[in-house]
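Let's have the full structure, built from the sequences with the hints guiding it.
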Amino acid sequence: MWHRGATRNPDKVNSHSGPGLFWTWPVMEANTLRVDTRTRVTTFYAEETLTADLVPLDVDAVLFWHVWDAKAACLEVGDFIRAVEMAAQTALRDAIGRAGAAEVAIRREQLDRELKRVLEEKTAPWGVTVLSVEVRDILLPRELQEAMSLEAQAEQRKKARIILMEAEQDIFETLAEMEDLVGGPEAVGRLRTMHLLNESLREGKGTVVIPSAFAEGFNEGVGDLIKG
5 MWHRGATRNP
15 DKVNSHSGPG
25 LFWTWPVMEA
35 NTLRVDTRTR
45 VTTFYAEETL
55 TADLVPLDVD
65 AVLFWHVWDA
75 KAACLEVGDF
85 IRAVEMAAQT
95 ALRDAIGRAG
105 AAEVAIRREQ
115 LDRELKRVLE
125 EKTAPWGVTV
135 LSVEVRDILL
145 PRELQEAMSL
155 EAQAEQRKKA
165 RIILMEAEQD
175 IFETLAEMED
185 LVGGPEAVGR
195 LRTMHLLNES
205 LREGKGTVVI
215 PSAFAEGFNE
225 GVGDLIKG
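So in the numbering used here, the last spot in the sequence shown is 232, and the numbers never skip.
What the hints contain is simulated information worked out from the structure, not anything from laboratory work.
Don't take each hint at face value.
[To be verified] Label-pair distances were calculated between CB atoms; the ranges are: (1) Arg121 / Arg165: 40 to 50 Å; (2) Thr178 / Val66: 53 to 63 Å; (3) Leu58 / Ile110: 14 to 24 Å; (4) Gly104 / Arg44: 24 to 34 Å; (5) Glu155 / Val66: 21 to 31 Å; (6) Met90 / Gln160: 35 to 45 Å; (7) Glu80 / Leu58: 36 to 46 Å.
This structure is a prediction, so every number in the text was calculated from the model and none was measured.
C-beta: ideal position from N, C-alpha, C; glycine also.
Here it is, written out as structure tokens:
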């Protein structure tokens, strides 16, 4: 059901038939090649392949493909299975060599699409259809993994600081609008100090020592707010 036959005489491939039963001429077409047209799975890899920024990578990928033209598969290339495997490996090495290590590690889907496009062009004359290419694993040097981790952490801290600055700006604008309600800039300053103290107590587990002058300011500010 899923096989195609390519019959040949000593000079050339004459025809391709199937699935099912098909007729061949005795003696003249004694050699029949059977080609499985089901989807095939081929794993391939690139070991210690240098990227554009000279970083050695180990990349493991898998290729899904099938034969749609048994005659071309038998006639255009000596061993189409081996040819597909070697073409995939070469395409993977070339793709890695044109990109930086970080780009290869982050943009897997883009690498999958590029490999599929290259292999489709390469294997079409062999009667082969490439269904998909999937990069399964990318092994980075430990030093590069640590560097990328530190870079990611620094980026997260940067974003957190930006969010905190925006929040502080909102608080400042809100307190500025409350000057008339709480008794002027001095009262706003005391509220701001109380807010910072509250945030410090929430984030830390230590003890905060408050000078007596600050405590008196807090008491005065709270008293004014209650009276107001």
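Here is what the structure says about each hint:
1. Arg121 / Arg165: 40 to 50 Å: The hint (40 to 50 Å, Cβ to Cβ) holds, given that Arg121 and Arg165 are roughly 42 Å apart.
2. Thr178 / Val66: 53 to 63 Å: 56 Å, holds
3. Leu58 / Ile110: 14 to 24 Å: 18 Å, holds
4. Gly104 / Arg44: 24 to 34 Å: 32 Å, holds
5. Glu155 / Val66: 21 to 31 Å: 29 Å, holds
6. Met90 / Gln160: 35 to 45 Å: 43 Å, holds
7. Glu80 / Leu58: 36 to 46 Å: Cβ of Glu80 to Cβ of Leu58: about 37 Å, so the range 36 to 46 Å holds.
Consistency with the previously given hints is maintained throughout, with no hint failing.
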